[in-house]
Amino acid sequence: MCLKTRLAMVARAGRSRFLGQSERPQAGRSRHHAISKHFLSGQHRFYESSTASPPGSRAWFLYQCAYSRCCLFAIVFSNPLRHHYLVIITLLTDFGTRDWFVPSMKGVILGLASRAQIVDLTHEIPSQNVRSGAFVLAAAAPTFPKGTIHVAVVDPGVGSRRKAVAVKTRSHVFIGPDNGLLSLALQREKVLEIRTLENKRLFRQPVSHTFHGRDVFAPVAAHLARGGRFSNLGPRQKSILTLNMPEPTKTGTAIHGEVIYIDHFGNLITNICVDHLPRSTAIHLGRHLIRSLSFSYSEAKRGRLVAIVNSLNLLEIGLRERDAARSLRLSIGARVKTHSTLHV
Numbered sequence: 205m206c207l208k209t210r211l212a213m214v215a216r217a218g219r220s221r222f223l224g225q226s227e228r229p230q231a232g233r234s235r236h237h238a239i240s241k242h243f244l245s246g247q248h249r250f251y252e253s254s255t256a257s258p259p260g261s262r263a264w265f266l267y268q269c270a271y272s273r274c275c276l277f278a279i280v281f282s283n284p285l286r287h288h289y290l291v292i293i294t295l296l297t298d299f300g301t302r303d304w305f306v307p308s309m310k311g312v313i314l315g316l317a318s319r320a321q322i323v324d325l326t327h328e329i330p331s332q333n334v335r336s337g338a339f340v341l342a343a344a345a346p347t348f349p350k351g352t353i354h355v356a357v358v359d360p361g362v363g364s365r366r367k368a369v370a371v372k373t374r375s376h377v378f379i380g381p382d383n384g385l386l387s388l389a390l391q392r393e394k395v396l397e398i399r400t401l402e403n404k405r406l407f408r409q410p411v412s413h414t415f416h417g418r419d420v421f422a423p424v425a426a427h428l429a430r431g432g433r434f435s436n437l438g439p440r441q442k443s444i445l446t447l448n449m450p451e452p453t454k455t456g457t458a459i460h461g462e463v464i465y466i467d468h469f470g471n472l473i474t475n476i477c478v479d480h481l482p483r484s485t486a487i488h489l490g491r492h493l494i495r496s497l498s499f500s501y502s503e504a505k506r507g508r509l510v511a512i513v514n515s516l517n518l519l520e521i522g523l524r525e526r527d528a529a530r531s532l533r534l535s536i537g538a539r540v541k542t543h544s545t546l547h548v
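Heads up: take any position in the sequence shown, counting from 1, add 204, and you land on my numbering.
Be aware that one or more of the hints could be misleading.
Restricting the straight-line Cα-Cα distance to at most 20 Å, the calculated cross-link-like pairs of lysine to aspartate or glutamate (EDC-like) are [unchecked claim]: (1) Lys367 <-> Asp419; (2) Lys454 <-> Asp419; (3) Lys541 <-> Asp479; (4) Lys310 <-> Glu328; (5) Lys372 <-> Glu393; (6) Lys442 <-> Asp479; (7) Lys505 <-> Asp479; (8) Lys442 <-> Glu393; (9) Lys367 <-> Asp324; (10) Lys404 <-> Asp419; (11) Lys350 <-> Glu393; (12) Lys541 <-> Glu462; (13) Lys541 <-> Glu402; (14) Lys310 <-> Asp324; (15) Lys372 <-> Glu328; (16) Lys350 <-> Glu328; (17) Lys350 <-> Glu397; (18) Lys394 <-> Asp419.
None of these hints come from the bench; they were simulated from the model.
Required output: the full structure, derived from the provided sequences and hints.
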């Protein structure tokens, strides 16, 4: 028995119970409701005609509520556009925020996918520093929900023969230049498919030789946010370029590493993962010595060097309430050495 028939029977039974009346279908009329569906002003509206229950009766009201709820449920779950309402698009660039570059990208995205939720990861990556951009993207991307589209643009080779790519993983989609910028984030992901962005019908025309963020990457992200097919982006690509990030080395009980990122506070983040290091570890940073690890910066006196395990599980060195990189005149690539104090 179909849902419509059941609801009609409920309405008739309800009328008899609450009003004490019996009912008979009129000659020449269907016993069930005749439902007509109309689309007015782009909206779904339902109209019905019936002799089972007079308008205004309690049974009529119950029928209206029940059937309207079922119809609304069907509309929502059959709407092919519902998916892009919740799509998140993140942006990471080295553009800064004083110029028109970032708002231009957002304008293109919203013009094509007005319901997309745009989140700024950062636009303060040091100019043309692909390695720093890759580090921040890898640190931030895993915190976003499944289905997020990440657009990263740190692109010193824009206008050259470098490829533009989109990478689909089990959790996210990554879009950007094929210069190693996406590679660190993809180390934690299961890559399903890589496409070279060559479908010019998806691009904003004319395509600038210096602003692929606006004319290529932004419209491609909007295409996917609207439910467009990933296969429409261009031909398959087997792999992408990867960054040769420095790896720490171990000699006896000593671990040799280096600074790979400097954050907004001037703290020095190293490539040394400290999961396996005991608290009784000494750290050498150039000619500076830190005798042990601390749980937080609050354990050190103001202006004193302190080494902690940061939120990425990496060894981080800073000055309490000061800019360590500026005060110590250190930069990315500075050498760091750790060793257990039990063997000193």
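Hint-by-hint comparison with the structure:
For the proposed pair Lys367 and Asp419, the alpha carbon gap of about 14 Å is at most 20 Å, so the pair holds. For the hint linking Lys454 to Asp419, the alpha-carbon distance of about 46 Å lies beyond 20 Å, and the restraint is violated. Between Lys541 and Asp479 the alpha-carbon distance is near 16 Å, which keeps this suggested pair within the 20 Å criterion. Among the hinted pairs, Lys310 with Glu328 is consistent with the structure: their alpha-carbon atoms are about 16 Å apart, no more than 20 Å.
Taking the CA atoms of Lys372 and Glu393, the gap is near 9 Å; set against the 20 Å cutoff, the hint holds. Using a Cα cut-off of 20 Å, the hinted pair Lys442 and Asp479 is violated, with the two alpha carbons roughly 34 Å apart. A distance of roughly 25 Å separates the Cα atoms of Lys505 and Asp479; the hinted pair therefore is violated under the 20 Å criterion. Note on Lys442 and Glu393: the hinted pairing holds, with a Cα-Cα distance of about 16 Å set against a maximum of 20 Å.
Between Lys367 and Asp324 the CA atoms are separated by roughly 24 Å; this puts the pair beyond 20 Å, and the hint is violated. About 10 Å separates the Cα atoms of Lys404 and Asp419, which keeps this hinted pair within 20 Å; it holds. Taking the CA atoms of Lys350 and Glu393, the gap is near 12 Å; set against the 20 Å cutoff, the hint holds. Of the pairs offered as hints, the one joining Lys541 and Glu462 holds, with about 8 Å between alpha carbons and a cut-off of 20 Å not exceeded.
With a C-alpha separation of about 46 Å, the suggested pairing of Lys541 with Glu402 is violated against the 20 Å cut-off. Restraint check for Lys310 and Asp324: satisfied, since their Cα atoms lie roughly 10 Å apart, inside the 20 Å limit. Distance restraint check for Lys372 and Glu328: the Cα-Cα separation of roughly 26 Å exceeds the 20 Å cut-off, and the hinted pair is therefore not satisfied. Annotation: proposed proximity of Lys350 to Glu328 is violated, straight-line Cα distance about 25 Å (limit 20 Å).
Among the hinted pairs, Lys350 with Glu397 is consistent with the structure: their alpha-carbon atoms are about 16 Å apart, no more than 20 Å. Distance restraint check for Lys394 and Asp419: the Cα-Cα separation of roughly 28 Å exceeds the 20 Å cut-off, and the hinted pair is therefore not satisfied.
In summary, the numbered hints that this structure violates are 2, 6, 7, 9, 13, 15, 16 and 18.
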